[in-house]
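Q: Whenever a hint applies, use it, and build me the whole structure from the sequences.
4 protein chains.
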Amino acid sequence: MTYVTFPAEKPLDFVAIGRLCIDLNANEINRPMEETMTFTKYVGGSPANITIGMARFGLRTAFIGKIADDQMGRFIADYLQRNRIETSNVVTDRTGAVTGLAFTEIKSPTDCSILMYRDNVADLKLTPDEVSEELIARSKVLLISGTALAQSPSREAVFQALHYAKKHGAVIVFDLDYRPYTWTSPEETAVYYNLAAEKCDILLGTREEFDMMERFDANPEHSDAVTAGKWFDYSAKIVIIKHGKEGSIAYTQDGVGHRAQSYPARVVKTFGAGDSYAAGFLYGVMQGWTLEKSMAFGSASACIVISSHSCSDAMPTAEQVHDYIERCNRGEVTAS
Amino acid sequence: MTYVTFPAEKPLDFVAIGRLCIDLNANEINRPMEETMTFTKYVGGSPANITIGMARFGLRTAFIGKIADDQMGRFIADYLQRNRIETSNVVTDRTGAVTGLAFTEIKSPTDCSILMYRDNVADLKLTPDEVSEELIARSKVLLISGTALAQSPSREAVFQALHYAKKHGAVIVFDLDYRPYTWTSPEETAVYYNLAAEKCDILLGTREEFDMMERFDANPEHSDAVTAGKWFDYSAKIVIIKHGKEGSIAYTQDGVGHRAQSYPARVVKTFGAGDSYAAGFLYGVMQGWTLEKSMAFGSASACIVISSHSCSDAMPTAEQVHDYIERCNRGEVTAS
Amino acid sequence: MTYVTFPAEKPLDFVAIGRLCIDLNANEINRPMEETMTFTKYVGGSPANITIGMARFGLRTAFIGKIADDQMGRFIADYLQRNRIETSNVVTDRTGAVTGLAFTEIKSPTDCSILMYRDNVADLKLTPDEVSEELIARSKVLLISGTALAQSPSREAVFQALHYAKKHGAVIVFDLDYRPYTWTSPEETAVYYNLAAEKCDILLGTREEFDMMERFDANPEHSDAVTAGKWFDYSAKIVIIKHGKEGSIAYTQDGVGHRAQSYPARVVKTFGAGDSYAAGFLYGVMQGWTLEKSMAFGSASACIVISSHSCSDAMPTAEQVHDYIERCNRGEVTAS
Amino acid sequence: MTYVTFPAEKPLDFVAIGRLCIDLNANEINRPMEETMTFTKYVGGSPANITIGMARFGLRTAFIGKIADDQMGRFIADYLQRNRIETSNVVTDRTGAVTGLAFTEIKSPTDCSILMYRDNVADLKLTPDEVSEELIARSKVLLISGTALAQSPSREAVFQALHYAKKHGAVIVFDLDYRPYTWTSPEETAVYYNLAAEKCDILLGTREEFDMMERFDANPEHSDAVTAGKWFDYSAKIVIIKHGKEGSIAYTQDGVGHRAQSYPARVVKTFGAGDSYAAGFLYGVMQGWTLEKSMAFGSASACIVISSHSCSDAMPTAEQVHDYIERCNRGEVTAS
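For the record, the sequence lines run as chains B, Y, L and D.
All residue numbers in the first sequence are consecutive under full-length UniProt numbering, ending with 336.
All residue numbers in the second sequence are consecutive under full-length UniProt numbering, ending with 336.
All residue numbers in the third sequence are consecutive under full-length UniProt numbering, ending with 336.
All residue numbers in the fourth sequence are consecutive under full-length UniProt numbering, ending with 336.
A couple of the hints might just be wrong.
Pairs involving identical chains hold if they fit within one copy or between any two copies, as the list cannot separate such chains.
Think about it this way: if two alpha-carbon atoms lie no more than 16 angstroms apart in a straight line, the pair counts; the simulated EDC-like pairs of lysine to aspartate or glutamate are [said to hold, decoys possible]:
#1 K245 x E28
#2 K167 x E134
#3 K10 x D78
#4 K167 x D233
#5 K293 x D13
#6 K10 x E134
#7 K167 x E198
#8 K166 x E198
#9 K10 x E246
#10 K167 x E214
#11 K167 x D217
#12 K199 x D233
#13 K237 x E198
#14 K166 x D217
Treat the hints as calculated values from the structure; they're not laboratory data.
For clarity, every value in this text was computed on a predicted model and none was experimentally measured.
A: In structure tokens form, the structure reads like this:
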């Protein structure tokens with residue numbers, strides 16, 4: 001059964017808007033950052049990672065964002081281009097903004113944290129008039145990410161992009177990706193998450209992220225069905241609620257909750273799991289696969305990323321994901 | 001025919017959210033402000049003026065806003081209370097904000113301007129968690145005003161109020177009241193005006209204000225019908241588009257454009273015309289009058305205010321408006 | 001005995017740098033501001049008032065400051081020019097700053113307060129490169145005022161002016177005029193007051209103002225002699241410490257404390273007393289009078305101002321001050 | 001001849017105030033930063049480097065500064081402590097500030113640049129009331145650095161420290177260390193550099209830095225003698241003006257310009273040269289050596305640092321510097 005129809009005539013498969021930054025991943029892992037002496041540089045940011053994942057799967061992709069006018073910004077643009085991601089709408093800041101940084105600390109595979117540099121960052125300076133209507137008009141899918149709603153003018157740029165996507169019939173995906181820094185208050189967060197979510201076709205988030213959005217609503221038992229039902233009253237066709245180790249459930253308008261198989265992994269760190277899952281799932285849905293198969297493909301994709309040192313650079317090809325699934329099915333992969 | 005149904009069981013007729021400020025009106029008029037030596041102090045702000053107008057008509061009213069912790073703020077609260085407007089949700093700022101000021105300059109009845117003090121003003125510091133759900137739950141009507149969308153956290157407070165009004169079934173009125181100061185860019189303005197307008201039942205604005213909102217849409221001929229039609233696709237039931245001296249037109253979902261009689265006035269200044277028109281019109285609609293009769297009542301109410309020195313303090317009673325209309329009908333009032 | 005020598009060859013007698021603002025004085029006095037309905041507009045700001053006072057005494061004066069590009073700013077420039085104060089270095093702001101406001105509340109002759117509007121004000125936006133070296137080079141006296149040190153870039157403009165005054169041999173007067181608003185902390189205040197005071201020839205302030213500056217020093221008994229002695233180690237020649245009703249004492253490097261006669265007044269409000277005292281005293285010193293006679297002239301000048309409704313506009317001529325002293329000496333003036 | 005006398009009875013040799021940050025030095029050198037993949041983390045900041053240098057020489061040292069409440073801040077505090085630098089006055093920020101970063105790019109030994117992260121940094125948030133008078137009272141030397149003057153409240157903290165140093169008789173050293181970022185304008189910079197320099201005993205800077213300070217003075221030929229003479233009129237005893245490859249000259253109040261031998265080095269990068277020179281020179285002066293010997297010691301110390309990958313961590317011991325000088329004298333070291 002088809003839950004979402006993608007406009008087949010559009011030449012571009014996928015465009016995302018939002019954060020582009022640099023991950024500085026600790027090379028000496030399993031220790032506190034105080035004792036880490038060297039870091040390796042990668043492109044980062046949730047929508048950037050997802051777009052890189054989609055490009056690795058062979059889709060035609062583009063990005064809408066803003067980079068600093070410095071060596072870090074140029075590294076990001078160059079990396080996207082080398083991954084065949086269209087950067088015509090990646091604007092260079094001229095106000096002296098810097099590139100956002102995320103230093104990762106890997107104390108153990110399950111105890112990971114991030115030290116963020118988010119003051120005066122270029123990605124939050126994208127303005128609504130810089131968003132290309134033409135680019136969105138020729139894309140099947142627009143993905144937005146919650147972090148880009150955290151500050152003006154990036155916030156308005158996202159709403160502008162939503163307006164264009166609605167106008168031109170793109171399928172809209174909202175990766176909630178809630179991170180408290182840069183937000184002023186929980187109330188502010190909930191207001192804009194809800195305004196954006198009302199306009200989206202596919203929502204992906206954790207139970208905690210949906211709870212944050214429901215702070216003004218009546219769902220005292222944190223029921224997934226109540227949550228999904230609320231969004232079906234607006235534009236949503238698929239609502240994925242992630243429950244960590246217990247797995248994810250994809251709700252559809254027919255009231256069905258879809259679950260899928262998960263796979264073992266030798267975990268290095270947990271960063272990047274959500275982004276690679278999102279890329280794998282969306283790829284499957286765009287191929288016309290069942291939700292279950294799409295979710296399984298997302299899970300396997302995530303397993304590959306969390307077994308690696310980076311988020312973006314570790315994004316697999318479709319062949320690698322299929323291969324991983326087969327090896328799991330043959331019992332060749334065991335959890336760490 | 002009834003275009004909007006008000007929830008009769010609610011005890012409060014009308015609540016407005018937004019700007020509360022001080023007007024300092026030139027006493028020596030028909031000259032530039034440089035030559036004005038004394039000023040008279042009045043309560044001001046578009047939603048405040050409309051609420052005062054509704055209270056003068058005998059309705060049960062309340063206000064949601066924020067005042068400075070100083071003499072000006074206390075003057076405002078006291079004035080509202082003396083007009084029997086409920087102030088339980090008029091919050092006092094504790095951060096050292098000041099009361100917004102509007103010095104009026106009346107060079108001639110048709111050449112009026114305003115010198116605004118809008119830095120660090122209390123009214124824009126209302127936060128979403130300060131908005132009383134309980135108050136909105138017991139009100140038939142919520143009026144929002146565009147100025148309160150101009151900055152955070154007041155912007156989020158308005159969206160919070162809209163959420164409560166939707167949840168509890170209040171009729172929502174949007175007085176566009178667009179003023180460029182405090183807004184960062186036309187794109188930012190259009191984004192939030194549109195997000196708010198999508199949730200409203202009655203929209204009132206000038207042709208220029210609707211043009212500002214339509215900057216991303218296709219309405220090259222500035223057609224009122226196209227404009228109104230767009231909003232009927234969302235929540236709107238009545239869209240009033242004001243054309244200055246050519247009068248206003250009220251569009252309804254049945255495609256009809258309603259016009260009404262206008263009245264002569266001996267104009268002192270033009271300030272306050274829109275606020276008194278809005279109060280008069282809404283009062284009429286809430287009485288169950290036809291749109292034509294409601295609009296005429298609004299026009300006559302506006303005539304009384306623009307013949308006076310103040311905006312708020314000159315708001316008439318219903319009896320005074322009826323009397324004005326009768327005198328006009330008898331030919332006793334002539335234009336200045 | 002001469003304590004300070006003024007460079008006689010300079011064509012300009014007096015230039016001041018700092019705050020230019022608008023006073024809005026309550027017309028209905030002896031009541032709280034909540035009940036005041038009308039206000040009268042005057043030029044205000046301590047250094048502006050002193051300069052107006054000096055101009056009324058017939059001296060050749062100029063002002064260094066910044067005004068808003070609006071009706072209030074133009075009113076200020078016009079008023080200075082009508083008082084024959086040179087405004088070649090009164091710069092017009094182009095960033096959208098406003099004119100500072102001071103609403104006065106006169107509950108009783110001895111219970112007066114001020115409601116200030118000091119956000120985004122033009123006077124604090126004067127930059128060091130806008131200060132005219134040429135103007136200071138041709139002036140006998142430079143007067144600085146503490147309020148202008150409260151924020152950048154006005155703070156740096158004052159230090160720039162001090163540098164020029166030192167370089168060209170102007171006598172430097174520091175009217176402490178400490179007002180807590182716009183300052184971040186007492187420590188910040190003390191740091192800049194001390195850095196400025198080290199370069200000044202004549203210091204005028206209240207005991208409380210000198211205490212604020214001495215927060216890092218050892219003067220536990222608040223001794224005037226210790227205070228004055230500290231500044232004589234830097235550049236000071238005369239230090240005037242004001243003790244309110246107990247009168248002022250002028251300390252000189254020879255260790256003498258000079259006191260002078262005071263006069264009765266029918267007090268309307270206390271605002272403006274310090275500014276008119278400073279103008280009167282400096283005028284006397286520049287005439288070569290004894291400190292005692294100069295202080296008495298300052299006191300009489302202050303009596304005239306506090307018996308009137310305004311600060312700036314009430315500044316007397318020298319003839320009026322002499323006349324007031326004579327009338328006092330004849331017993332024709334009695335205190336209110 | 002002794003040019004400066006240090007208060008021998010004080011238990012602490014040296015305290016510095018100012019910037020504490022993290023250097024992230026490119027591991028893959030001789031290429032643009034876009035192509036650098038990994039970075040090594042070091043403690044950085046000019047006054048921190050100098051203090052580490054002094055500690056390596058065996059002096060009793062302390063630091064006055066502010067660190068972020070995160071892993072980077074804790075790494076800095078720990079590194080200082082491991083170098084036996086007293087950190088009782090290294091305050092931890094509680095406002096969410098971050099640690100300043102400096103990514104170094106080494107395109108070639110002579111083409112080095114830095115990418116700075118200076119938004120919302122902890123070191124500029126040190127307040128005047130956090131500066132320990134007691135610590136300065138027991139120190140022979142206070143070193144200040146220009147960067148700490150760039151913003152409030154750190155700016156006021158430095159002036160506060162200068163006040164305490166004057167009061168308690170510490171010798172004050174000013175390492176100009178001018179870096180344009182974070183300063184608003186050249187005028188602002190010159191104002192505060194001059195106010196601080198007036199109070200200092202030893203000034204160290206490049207010809208360009210002294211030119212920046214003299215923008216309001218008459219020294220059209222950029223004469224070192226004129227520059228030095230100006231500061232001798234205030235508090236200065238020694239003024240060192242650095243002319244890059246042409247070497248440095250130390251001016252003393254007797255009008256003499258002292259020059260010293262320089263040494264060859266196999267240069268990896270130029271960063272850190274000034275800091276190690278300052279540490280070496282001050283160490284020599286505090287030992288009672290001639291200025292010539294002290295300057296030579298500083299030069300050799302700098303040679304060691306620029307031959308290494310880091311600034312702080314490469315600071316040599318006195319024995320290593322003496323050894324380097326001997327090897328140079330034996331012809332065993334040749335330039336790269």
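Q: Decide, hint by hint, whether the structure agrees.
A: Hints versus structure:
With identical chains, the CA atoms of K245 and E28 are never at most 16 angstroms apart, being 27 angstroms at best within one copy and 40 angstroms at best between copies. With identical chains, the CA atoms of K167 and E134 are at most 16 angstroms apart within one copy only, with a shortest distance of 11 angstroms there and 37 angstroms across copies. In this assembly of identical chains, the alpha carbons of K10 and D78 never lie at most 16 angstroms apart, being 26 angstroms within a copy and 57 angstroms across copies at closest. For the homomeric pair K167 and D233, the shortest alpha-carbon distance between copies (13 angstroms) is at most 16 angstroms, but the shortest distance inside one copy (20 angstroms) is not.
Neither within a single protomer nor between protomers do K293 and D13 lie at most 16 angstroms apart by alpha-carbon distance, with minima of 20 angstroms and 55 angstroms respectively. Proximity of K10 to E134 under the C-alpha cut-off of 16 angstroms is restricted to the intra-copy arrangement: shortest distance 12 angstroms within a copy versus 48 angstroms between copies. With identical chains, the CA atoms of K167 and E198 are at most 16 angstroms apart both within one copy (15 angstroms) and between copies (15 angstroms). In the homo-oligomer, the alpha carbons of K166 and E198 lie at most 16 angstroms apart both inside one protomer (12 angstroms) and across protomers (14 angstroms), since each shortest distance falls under that limit.
For a Cα distance limit of 16 angstroms, the shortest separation of K10 from E246 qualifies neither inside one copy, at 37 angstroms, nor across copies, at 46 angstroms. For a Cα distance limit of 16 angstroms, the shortest separation of K167 from E214 across copies, 13 angstroms, qualifies, whereas the shortest one inside one copy, 27 angstroms, does not. Within a single copy, K167 and D217 get their C-alpha atoms only as close as 29 angstroms, which misses the 16 angstroms cut-off; across copies the closest is 9 angstroms, which meets it. Within a single copy, K199 and D233 get their C-alpha atoms as close as 11 angstroms, and across copies as close as 14 angstroms, so both meet the 16 angstroms cut-off.
Taking identical chains as interchangeable, the C-alpha atoms of K237 and E198 lie at most 16 angstroms apart only when both belong to the same chain, with a minimum of 11 angstroms there against 21 angstroms between chains. Within a single copy, K166 and D217 get their C-alpha atoms only as close as 26 angstroms, which misses the 16 angstroms cut-off; across copies the closest is 12 angstroms, which meets it.
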